[in-house]
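> In case you want the letters, here they are:
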Amino acid sequence: MGTSLNTVVFDIGGGAANGEAIKAVQTGGPSGGCLPVSKFNLPVDFDALYDAGSMIGSGGMVVMDESTCMVDVAKYFLQFLQDESCGKCVPCRLGIDRMLEIITDITEGRGKPEHIPLLQDLADTVQQTSLCGLGKTAPNPVLSTLRYFPEEYDAHIHQKRCPAGVCKPLITYAVDAEQCKGCGLCLTACPHGAITGEKKQAHVIDPQLCNKCGICADECKTHAITVN
Amino acid sequence: MIRLTIDNKEVVTEDGATILEAAARAGIRIPTLCYHEKLQPFGACRICVVEVEQMKGRLTPSCSTPATEGMVVRTSSEQIIKARKTVLELLLIQHPLDCPWCDKGGECQLQNLTYEYGVSRNRFKDKKSDHPVDYLSPLVERNTNRCVLCGMCVRVCDEVVGASEWSMVNRGISTKIATDFDRPLNCEFCGECENICPVGALTNRMFKFKARAWEVENVSTVCSFCSTGCAIKLSLKDGRIVRALGEEEGAANQGSLCIKGRFGYEYVMSGERISRPLVRKNGTLTPATWEEALQAVAEGLKAVKEQAGPGAVAGLCSARLTNEEAYLFQKLLRAVIGTNNVDNSGGYAHRGYSSGLSLPPLEFKDLQSCDRFLVIRSNVSETHPVVGYRVNVAVKQKGAQLIVADPRRIKLARFAQTYLAHKPGTEIALLNGLAHTILTEGLENREFVAARTEGIEELKKSLVQFTPSFVEQATGIAGKDLVEAARRFASGTRAAIIISAGMGFPGDDAALARCAANLALITGNAGKPGAGVLFLGEKSNSHGSVDMGAVPDLLPGPQELAKDPVRQAFAKAWGAAIAAEPGLTCEQIIAGAEQGSIKALYCAGENPLQAYPDTKKTKTAFGKLQFLVVQELFLTPTAQMAHVVLPAASFAEKDGTYTNAEGRVQRLHQALPPCGETKTDAEIFCRVAKALGKDLGSWNPAAVMAEIASLAPRYHAVSYATLTVKGHLLSDAADREAPGAEGAARFSLLPVDVIAPEAPSAEFPFTLLIGSTLFHCGTLSTRSSAICSVYPQARLEINPGDARALDIRDNDTVQVSSATGALTITAKIIARQSPGAVFIPYHFLSPAAQELASAAQLQTRVKIEKRTETSL
Ligand code: SF4
Ligand code: SF4
Ligand code: SF4
Ligand code: FES
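The listed protein sequences derive, respectively, from chains A and B.
Using our numbering, the first residue of the first sequence is number 3, and each one after it goes up by one.
Using our numbering, the first residue of the second sequence is number 3, and each one after it goes up by one.
Among these hints, one or two may not hold up.
[To be verified] Within a straight-line C-alpha distance of at most 20 Å, the following computed SDA-like cross-link-like pairs (lysine to any residue) qualify:
| no. | chain 1 | residue 1 | chain 2 | residue 2 |
| --- | --- | --- | --- | --- |
| 1 | B | Lys178 | A | Asp85 |
| 2 | B | Lys178 | A | Glu86 |
| 3 | B | Lys127 | A | Thr106 |
| 4 | B | Lys130 | A | Thr106 |
| 5 | A | Lys138 | B | Gly59 |
| 6 | A | Lys138 | B | Thr62 |
| 7 | A | Lys138 | B | Ile83 |
| 8 | B | Lys462 | B | Gly481 |
| 9 | B | Lys87 | A | Ile118 |
| 10 | B | Lys868 | B | Leu808 |
| 11 | B | Lys87 | A | Pro119 |
| 12 | B | Lys58 | A | Ala50 |
| 13 | B | Lys84 | A | Gln122 |
| 14 | B | Lys621 | B | Ser856 |
| 15 | A | Lys114 | B | Arg123 |
| 16 | B | Lys127 | A | Ile118 |
| 17 | B | Lys129 | B | Gln96 |
| 18 | B | Lys129 | A | Thr106 |
| 19 | B | Lys84 | A | Pro119 |
| 20 | B | Lys127 | A | Asp107 |
| 21 | A | Lys138 | B | Gly45 |
| 22 | A | Lys138 | B | Met57 |
| 23 | B | Lys178 | A | Cys88 |
| 24 | A | Lys114 | B | Lys127 |
| 25 | B | Lys127 | A | Asp126 |
| 26 | B | Lys127 | A | Glu110 |
Read the hints as simulated data drawn from the structure, not as lab findings.
Okay, chain A solo, but in the shape it has when bound (with noise of 0.2 Å):
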């Protein structure tokens, strides 16, 4: 109780595993907020985190780094959510799920700029009007990285990019000829078939084809391959 965040991510915690810079701290479980590097001064109390969008619930932490999408972090918490939504009181049987539909659409490329004042909207009333600790607390995940993310639902919104290279239908692979040695390594991997090029000759993927499954990049020994 009242350590900074900053003390327990890096100090404790000893900052990510590998290496890669931090971007933000998830506490008190399913409901609660996603806090930014710059909030890691706070310290650990009920106010703090509670005044600052999230809480400390359960106690738990989510420690994330910059290849975490926060609008998916968002849809992921909020899946949970619905699923244990109890169905009693109408904002959060239904509010929920209107909330992950939105988020889903956003994280799929379908998301329109009036996405954001309705979920801003949808996730105060939520918060005002259910009947139990669930609902009150279930809008923390899309309140909270709306308030310190509005960067990565921008982008996901108006340029149809996931940033974090996360979200599946707003991503694209492609074979970054400069780096690429021809070995065909990936061209082997490819379960789809969606790759392909002649030995020792930068190689292709067809984006009609690509499954966006990821394998190749993790088969490729020169990271030839790239994420948008």
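Please build the complex by placing chain B with the ligands on the supplied structure of chain A, with the hints as guidance.
Frame of chain A; chain B with the ligands shown alone:
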């Protein structure tokens, strides 16, 4: 008392009230979708949210938040409206919006709120809900696509009706209301769920596509079936009744109804109604004009009166005539014919409150404040379902303790702390045993007994024999159970004893009522609301018919015929001498007809050939009558024997009043013009009198009531000018605190001997219980096809063990015979039936249970044989 501020208004409200209730008191409306005053708060829809200054940062549901001292509440703000609109949008996403063909259209809360909040477009989209519609359930249609999951159907069925047919199944977004395994309804079919559903998810199948809600005209009147006297509204369109609704303002029922009240009105519009007078010519009933028919009646009655004296004429009337009509009927017999031979089915069943009960009736609403109930010889949940709802609420919502004594494991036994399955016909021993235990254990209310009763010593003496072991032998109830029940009963502060009377519960009502009164009095259960004995007559005006003197020994009031000044007052008012000799009861009239001393009988709405015990005997007796006139809605078996049949108007076709079991006089309003050439019973009585050369006065119900009020002190304050939908609680019922009070007459404790039921014989090993089912009342309800769609025919209810011993399986045809008669019937094996006894409802023409019964005996003994193919 709590003081709070709502919308800048100072509001004072009682402790425990919710914000919603406090606002309602102050005339501030807060919208709701899942709240109902009859139900426990649920808090699911969140439409009712308000802002409370002391609970900043969130919106508070007003329906489930208690008002507290100093609260500052706002019921409307931009934020509140935004939340309400969002909730409505959410509800409308999957809703089919099939308002154009939804029968709730115009009365739908979702529709009204959507309109009120101007939710004209929805920011959210999804597929429309697509559950299959349940068209299989009788009377109630279920379309869960329209459901808003307010849970009111589930709660009303559980908390009020006590049937627990619905539940919410699944969870989260897949939550829906369902029966077990989603089968069609198999329940009490009261329609309370359909009625309370704020949307068109549950609808009344009888009303389906009959009318838009705004097209109907509602006429408020009273249910014609049982003596609960539920206030109803009949919705009319194009001169037809399209549905019945409970009247929310009704004091007896507060908007609730049972299957009979909600779905049973159809008989009124039945094609089988008699619409013209019939006169027997050459042995056949032939249509005739009113003049001919009235002439024939006058001649028939006059001839008998002249040849054999007025004592050879008798009248039996239905306990469904209005007060005014019952009054005119007995006046016709007493003042015009000159005989006291007038009775209604009271001769069999209603003696309890006409002669046995010294306590004033209880008010139904007060039952909800009782903490003890003793329900004995009363399947109140079936005979008077809406009174049963009150008991359910007291027990299930408020924690009252319930003792049920009944040979059958009736519905209330499920909620009872103590269930006593006594041998049939031993109620008196059981009640006396309870009183004995209370007195020997010193559990009585000594102060009350000393101050307000008389006769305790005699009572004690008479109860000496009713020790637990004696009672155990008589009733089959283990001594320790009796003692436990006695202690439980005596430990309450407000106890009601509930007893039913009627064809469904024949027996020694007067003695039973006395024993019950004794038990109530020794425990101090009199003179306070909700405490005492509730004696429930069978039919809509069972109580009123006795009050109106449609019985042989009472004049309107009821006042004792035997008293000279009473007789004189009536003689003066009517301008006719009144015989001092009490008239004959139902049984005596039938016996008289058989022996030839009764030669003419006037049956007004009464159908003894179907409803009274021992059909064969009654038929023989009626066959000997020189003249039988039957005034009826239908060509009943009794009417078929008549010399003249006079077609009468139904309850929906007339004005008048009924008096219910709590002593509430309620107004019937005419909804339909009389069918065909029918006339109201009141008019017919006056016209018959006229044909006999006498004037009965006006048949205008208001004028008749004025006459009644002038002659019957209890009805003194009853006037059509002041009767509202709440009715008028009769003076002794209203002054129930008065009798036995300081200086007033004391309550009498009256000793009663045990009446031992006959022991079963080897030849007839089973006891036959003849009674009413939930679905029917009297014989009238068998003319309603909606009711018959769920309960078409009498069945023999038999215990599984007995059935096994006789090798009877469910739906087998069996032959039941008694010393009096025999019938074949379908068997229904049912665990609630006690071993050694079988049950047959009596409403039906065939198989007619009353063919087996004998008027001379309290108990009918029968034998049961399985019908094999060859014996068929
Ligand atoms: S009709 Fe009555 S008993 Fe049947 S489910 Fe509805 S409320 Fe329950
Ligand atoms: S069926 Fe009607 S009463 Fe029942 S939960 Fe749905 S909306 Fe409410
Ligand atoms: S039959 Fe009785 S309980 Fe049912 S609606 Fe009519 S008066 Fe009420
Ligand atoms: S009426 Fe209060 S939550 Fe539904």
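> Work down the list of hints and note, for each, if the structure agrees.
Taking the hints in turn, this is what the structure says about them:
{"no.": "1", "hint": "B:Lys178 to A:Asp85", "in the structure": "holds, 15 Å"}
{"no.": "2", "hint": "B:Lys178 to A:Glu86", "in the structure": "holds, 16 Å"}
{"no.": "3", "hint": "B:Lys127 to A:Thr106", "in the structure": "holds, 13 Å"}
{"no.": "4", "hint": "B:Lys130 to A:Thr106", "in the structure": "holds, 19 Å"}
{"no.": "5", "hint": "A:Lys138 to B:Gly59", "in the structure": "holds, 11 Å"}
{"no.": "6", "hint": "A:Lys138 to B:Thr62", "in the structure": "holds, 12 Å"}
{"no.": "7", "hint": "A:Lys138 to B:Ile83", "in the structure": "holds, 18 Å"}
{"no.": "8", "hint": "B:Lys462 to B:Gly481", "in the structure": "holds, 19 Å"}
{"no.": "9", "hint": "B:Lys87 to A:Ile118", "in the structure": "holds, 18 Å"}
{"no.": "10", "hint": "B:Lys868 to B:Leu808", "in the structure": "holds, 7 Å"}
{"no.": "11", "hint": "B:Lys87 to A:Pro119", "in the structure": "holds, 15 Å"}
{"no.": "12", "hint": "B:Lys58 to A:Ala50", "in the structure": "holds, 18 Å"}
{"no.": "13", "hint": "B:Lys84 to A:Gln122", "in the structure": "holds, 13 Å"}
{"no.": "14", "hint": "B:Lys621 to B:Ser856", "in the structure": "holds, 13 Å"}
{"no.": "15", "hint": "A:Lys114 to B:Arg123", "in the structure": "holds, 18 Å"}
{"no.": "16", "hint": "B:Lys127 to A:Ile118", "in the structure": "holds, 16 Å"}
{"no.": "17", "hint": "B:Lys129 to B:Gln96", "in the structure": "holds, 6 Å"}
{"no.": "18", "hint": "B:Lys129 to A:Thr106", "in the structure": "holds, 16 Å"}
{"no.": "19", "hint": "B:Lys84 to A:Pro119", "in the structure": "holds, 13 Å"}
{"no.": "20", "hint": "B:Lys127 to A:Asp107", "in the structure": "holds, 12 Å"}
{"no.": "21", "hint": "A:Lys138 to B:Gly45", "in the structure": "holds, 14 Å"}
{"no.": "22", "hint": "A:Lys138 to B:Met57", "in the structure": "holds, 14 Å"}
{"no.": "23", "hint": "B:Lys178 to A:Cys88", "in the structure": "holds, 11 Å"}
{"no.": "24", "hint": "A:Lys114 to B:Lys127", "in the structure": "holds, 14 Å"}
{"no.": "25", "hint": "B:Lys127 to A:Asp126", "in the structure": "holds, 19 Å"}
{"no.": "26", "hint": "B:Lys127 to A:Glu110", "in the structure": "holds, 17 Å"}
When each numbered hint is compared with the structure, no violation occurs for any of them.
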